[in-house]
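Trainee: Below, each chain spelled out in residue letters.
2 protein chains.
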Amino acid sequence: MEEDHSRREGNGFEIEDDDKEHSVSMLREPFLVRNIKNNTSQIAIVGANTCPIESLDYEIADNELFKQDWRSRKKVEIYQYVVLKWTLALLIGLGTGLVGFFNNLAVENIAGFKLLLTNNLMLENKYYQAFATYAGCNVVLAIAAAALCAYVAPAAAGSGIPEVKAYLNGVDAPSILAPATLFVKIFGSIFGVAAGFVVGKEGPMVHTGACIASLLGQGGSRKDHLTWKWLRYFKNDRDRRDLVTCGSAAGVAAAFRAPVGGVLFALEEAASWWRSALLWRTFFTTAVVAVVLRGLIDFCRSGKCGLFGQGGLIMFGVNSRRAFYSTPDLLAVVFLGVIGGVFGSLYDYCVVKVLRTYSLINDAFPVPLTWPRNAQLKVAGNFKNFQCPPNHYNDLASLVFNTNDDAIRNLFTSGIEKEFHLSTLMVFFFAIYCLGIVTYGIPVPSGLFIPVILAGASYGRLIGTMLGPLSNLDAGPCALLGAASFLGGTMRMTVSLCVILLELTNDLLMLPLMMLVLLISKTVADCFNKGIYDQMVRMKGFPYMEAHAEPYMRHLVASDVVSGPLVSFSGIEKVGNLLHALRVKTGSGIMKSFKAHDFAKAGSGKGVKLEDLEITEEEMEMYVDLHPITNTSPYTVVDTMSLAKAAVLFRELGLRHLCVVPKTPGRPPIVGILTRHDFTPDHILGLYPHIKPHK
Amino acid sequence: MEEDHSRREGNGFEIEDDDKEHSVSMLREPFLVRNIKNNTSQIAIVGANTCPIESLDYEIADNELFKQDWRSRKKVEIYQYVVLKWTLALLIGLGTGLVGFFNNLAVENIAGFKLLLTNNLMLENKYYQAFATYAGCNVVLAIAAAALCAYVAPAAAGSGIPEVKAYLNGVDAPSILAPATLFVKIFGSIFGVAAGFVVGKEGPMVHTGACIASLLGQGGSRKDHLTWKWLRYFKNDRDRRDLVTCGSAAGVAAAFRAPVGGVLFALEEAASWWRSALLWRTFFTTAVVAVVLRGLIDFCRSGKCGLFGQGGLIMFGVNSRRAFYSTPDLLAVVFLGVIGGVFGSLYDYCVVKVLRTYSLINDAFPVPLTWPRNAQLKVAGNFKNFQCPPNHYNDLASLVFNTNDDAIRNLFTSGIEKEFHLSTLMVFFFAIYCLGIVTYGIPVPSGLFIPVILAGASYGRLIGTMLGPLSNLDAGPCALLGAASFLGGTMRMTVSLCVILLELTNDLLMLPLMMLVLLISKTVADCFNKGIYDQMVRMKGFPYMEAHAEPYMRHLVASDVVSGPLVSFSGIEKVGNLLHALRVKTGSGIMKSFKAHDFAKAGSGKGVKLEDLEITEEEMEMYVDLHPITNTSPYTVVDTMSLAKAAVLFRELGLRHLCVVPKTPGRPPIVGILTRHDFTPDHILGLYPHIKPHK
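Line by line, the protein sequences are chains A and B.
Numbering (the UniProt record's numbering) for the first sequence: 1 to 695.
Numbering (the UniProt record's numbering) for the second sequence: 1 to 695.
Hint data in this document are derived by calculation from the structure and do not stem from the laboratory.
Because the structure is a prediction, the values reported are computed rather than measured.
Certain hints may be false.
Stated by the list, open to error - Just so you have them, the derived chain B footprint on chain A, three or more residues with Cβ under 8 Å:
#1 166–180
#2 498–507
What the hints assert, rightly or not - Pulled from the structure, derived: some chain B residues nowhere near chain A, Cβ distances all over 10 Å:
#3 L116
#4 L264
#5 N410
#6 H548
#7 R554
#8 S570
#9 Y635
No residue lacks a Cβ here, since even glycine has one placed at the ideal position from N, Cα and C.
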């Protein structure tokens with residue numbers, strides 16, 4: 001070990017051939033995390049408003065400090081790391097489970113109280129007071145949600161799934177995982193759902209879980225010395241990524257009470273990098289969530305939780321009484337799948353259009369206040385049907401005058417004892433479809449799952465009722481298949497949706513039909529456009545790295561897009577030059593001796609700013625030795641490397657910087673550096689307008 | 001596009017700086033697939049006997065031929081590719097579904113006939129004839145299975161999961177996916193299971209599915225001109241890897257009638273590289289399997305299939321009547337988990353020990369003929385219990401004198417109507433446990449799942465019966481949890497096992513307990529050793545690349561282990577020199593003009609041999625232009641790159657060769673080439689004996 005180690009150090013101190021690494025190392029220092037090019041060029045919409053974004057770095061900064069720190073680690077420290085890793089997974093599970101339960105409880109109680117109040121007034125035939133109360137409650141709740149979101153944390157708007165997806169792909173937006181975002185995400189979504197918006201609390205739970213995970217791993221900012229010593233192992237993007245993955249899985253698990261579905265959602269939709277060790281840890285986290293939820297639900301059975309929704313660990317029980325399907329059934333399923341695909345892709349198209357419209361006027365404030373009213377008035381419109389004769393009032397009310405969960409439960413129930421009129425289902429479907437589209441854009445934490453399931457279930461039931469005489473399928477299972485088809489058409493997930501729906505409905509006999517309908521709807525929808533989350537990631541401007549390279553990249557080589565020239569330093573450099581290169585007047589406290597954890601990545605948005613440092617004139621004249629903090633083995637490609645292959649390398653290894661070295665000798669040791677930005681289609685097609693991207 | 005293209009070609013023809021690529025290209029030519037170093041150093045046990053293995057190559061050979069072929073591809077050809085991709089997935093699903101059904105049918109009928117015959121003889125109190133018949137059938141079937149395996153395709157021995165796992169990691173063994181292997185896998189496993197061995201037909205189904213997939217993609221050997229023109233797109237390791245992944249998923253789906261479980265198995269256990277596009281295609285394949293199975297099973301309900309096993313799409317229905325668990329229940333579950341972990345790891349240890357013993361004497365032929373007899377006689381030992389009083393004879397017979405599937409079904413049944421004596425369960429457990437260990441080594445297609453489930457279920461039921469008064473859990477669910485714990489302890493899978501068991505038993509209310517027991521047993525077992533498949537992959541000598549680098553690799557750099565010097569050629573080289581470098585007397589027909597598909601990777605084991613070519617003396621003096629077949633942008637690392645980071649690069653990109661270039665100028669353009677072999681612990685620790693691997 002030893003002589004080997006010393007030899008490396010010896011190497012490290014040869015000056016003549018180290019320039020390449022220095023330029024790299026300088027760009028990889030934590031106090032350079034905001035490098036100019038990225039800042040100027042990378043702006044994205046996070047939640048409701050725009051802000052600059054960063055690229056995360058999963059490469060091991062292989063410098064002397066890191067090596068020394070790594071060598072000096074004792075066995076006990078490795079155990080500390082492992083113990084802490086699992087403890088954090090446990091805490092994420094506990095926290096997310098509790099929050100999920102709390103959300104559910106709060107919504108059921110607020111909405112329940114509202115509905116009860118209105119109902120009592122109606123029983124006394126005070127229809128106008130009833131309407132006033134109902135509308136009043138909704139407006140107050142809506143304003144509360146929108147105000148929280150607009151004033152406290154705009155990053156909490158929307159479902160947050162695109163943001164989490166982008167983060168797990170290596171795109172870091174300042175406030176996306178901040179405490180304020182978490183707070184608003186929780187209460188904003190409670191108020192929003194209780195206000196009767198056509199939004200779900202499931203999507204936001206994903207973001208909530210991610211926030212909880214990131215905050216737990218962060219412990220607290222280094223500035224305030226809040227952070228705990230053990231947590232230093234998690235001050236890097238790799239471990240934080242794993243935590244956030246667990247968090248998003250826990251979020252889905254808590255939202256749908258679907259532990260396995262949660263793992264698969266994180267795997268299929270959220271995460272960009274995956275390994276089976278992570279699979280196991282995610283599984284553990286969601287298992288904790290399941291245990292927590294089961295315990296709390298059993299506790300609530302004894303009626304200690306006020307108005308708590310029905311359904312145990314299985315939220316929407318469906319029982320398809322017969323396991324055999326005839327040909328007409330299969331035709332009906334195929335038909336459902338196609339419908340779902342068409343409606344789904346249309347839904348995606350409209351949602352993105354609406355979002356784009358909003359994002360233009362989103363800073364102008366009235367928006368959140370106007371939309372809720374319209375949305376809410378539309379709901380109140382259906383509400384007028386209360387003056388109709390009992391039997392017709394009943395079935396529409398059982399959908400509208402109800403929490404979304406209970407509406408879904410009603411739609412999924414089999415048998416004739418709950419019959420819906422075709423007109424009712426049609427009205428309800430179109431109301432939900434349109435409201436879902438316009439509501440998603442408003443700056444309130446809003447999930448897509450529930451609206452989509454509602455709309456899908458209603459047209460599924462519609463078709464099921466119409467086909468009633470022809471087919472063996474009950475209306476209930478048809479509603480389930482409709483929901484599946486619409487989910488497949490909008491979100492384009494397969495395995496995870498399949499498992500989530502299984503865990504929601506506990507009806508394994510429907511599995512083959514559900515797989516069929518999911519595949520058909522996804523295939524049909526994919527003919528028109530991409531999935532909703534992919535479209536939103538693109539629309540919001542996140543530089544998302546696809547797993548595969550674009551075809552036109554085969555025609556280019558690394559040197560065609562590389563950005564240069566670079567600032568490079570000699571091994572022992574004058575502080576003044578460094579600061580000059582950093583383009584600031586004041587300098588950085590580079591004189592004191594460093595430990596590896598001084599270079600630990602700060603939590604998103606935080607970190608030492610150059611402005612926080614002060615350096616005297618004489619210090620400016622002093623020299624600093626850069627070798628210990630130099631990454632001596634960065635990943636490199638030759639400048640003639642096909643851009644497609646460079647992109648694959650960059651993506652697979654989760655790099656932040658990729659050095660391009662010259663193939664021919666006798667040139668400067670490094671041609672330039674490729675960053676995430678250099679691989680974005682906009683950038684490349686901007687440089688080479690003559691390229692036809694879809695050739 | 002065009003000027004760009006020509007510019008690249010221009011580059012291609014500068015000679016002075018191309019040496020690096022040539023040496024690389026030469027080593028990457030198809031007629032060099034067998035490169036000497038790998039042959040001499042890489043031998044592994046495939047199935048029952050040893051053979052040399054190859055490394056697969058997932059890097060795009062970015063040479064002019066490839067580029068021209070790629071540019072020349074018309075839109076229609078891209079559609080051809082997509083259509084064919086999905087058609088193949090469909091065919092894999094169909095094929096595997098049919099084979100799985102056929103297996104089941106054959107086993108049920110052969111074994112059923114055997115049992116019926118014996119039973120009738122017993123009813124006439126002809127115990128000795130009955131015994132003779134039973135033993136006779138078993139021996140005949142056993143010999144048939146063993147002979148098939150030993151004479152026709154030794155590669156078909158065992159479950160084949162380690163081989164498939166290694167293949168999907170990039171290790172190619174000649175005959176592992178050959179037609180003969182498929183044939184023996186199917187019939188060997190039918191005879192083996194019907195013979196009453198304690199082996200399952202589920203493991204072999206994974207290998208079967210993989211074979212079907214690979215053969216479908218291959219179409220037929222180029223030599224016999226059997227292959228279909230369209231299939232040329234699939235003549236490369238990347239597409240073949242995807243097909244084999246789909247195949248292994250389909251295998252599990254067909255074996256357990258668990259489509260989602262199949263996808264997850266492929267994802268968690270089999271595959272080393274994954275992307276969500278593949279997830280979707282795998283899902284499609286298993287959906288096809290599910291539909292096929294459902295159809296055939298419905299067909300068999302009408303009794304057209306002779307003796308066909310019970311259970312529809314749900315093989316072993318379990319219903320835990322109560323969804324609430326008290327503390328003692330949870331304690332029981334934890335206890336089960338711990339037991340499962342301990343027994344599981346011990347099981348793994350023994351199985352590997354036994355395999356190692358066998359592998360020493362495996363070429364000596366008697367082995368397959370002796371073991372079956374012993375195994376079978378042990379079974380016959382239990383069989384003697386038939387002379388006991390009715391009630392005691394019944395319950396042991398219902399386990400032993402039965403197909404494994406029915407035995408599991410009996411163990412999983414809830415309620416008191418089927419009661420097992422503790423002594424029975426104990427005897428059965430130990431018999432199965434030991435037989436499972438000794439049987440796995442014999443050269444017969446043999447799966448681990450069923451023995452493990454049997455043993456686990458029996459001790460689960462044992463504990464369930466003992467705890468009867470204390471706990472709310474029925475014996476049936478306890479048996480299920482026992483099976484889960486033992487599976488977790490041996491195979492160390494989490495999500496996939498969980499879903500497979502769910503789909504086997506259709507009891508979602510058990511989910512939290514099942515997750516708990518799986519996590520506990522895996523954690524406990526991991527304290528002792530690695531999972532069975534990992535151990536077997538290592539024991540069989542496959543150079544499996546782990547996703548993470550070994551710690552000691554941080555102390556080394558690329559140049560410490562790189563193998564060199566390399567033979568390098570100039571851009572336009574004399575045929576004689578090439579052949580000399582290839583160290584053969586006869587040459588290769590390199591004079592004719594090539595198309596890209598001439599370099600298509602042949603099916604495993606096949607491909608043009610140097611011996612097949614003839615070249616005259618004068619041809620030896622001629623020159624050949626290597627530029628068009630030169631990979632102009634191979635992946636490279638500098639020689640000072642940390643070996644750990646080089647290993648990550650190598651693994652993540654699925655390379656076969658990684659060029660090491662010098663960091664300091666003025667040295668030959670390439671230091672050497674890293675191959676899979678250079679990253680194997682044995683090789684590295686052989687070079688540096690002083691390294692303590694577990695530091």
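Trainee: Determine for every hint whether it applies to the structure shown.
Mentor: Hint by hint, here is what the structure shows:
1. 166–180: violated (count 0)
2. 498–507: As far as the region 498–507 of chain A goes, the hint holds, because 5 residues have Cβ atoms under 8 Å from chain B.
3. L116: Holds: least Cβ distance 29 Å, greater than 10 Å.
4. L264: 8 Å, violated
5. N410: For B:N410, whose nearest Cβ neighbour in chain A is about 22 Å away, the distance exceeds 10 Å, so it holds.
6. H548: Violated, since 8 Å does not exceed 10 Å.
7. R554: For B:R554, whose nearest Cβ neighbour in chain A is about 7 Å away, the distance does not exceed 10 Å, so it is violated.
8. S570: Label holds. Min Cβ-Cβ 17 Å, cutoff 10 Å.
9. Y635: Violated: least Cβ distance 7 Å, not greater than 10 Å.
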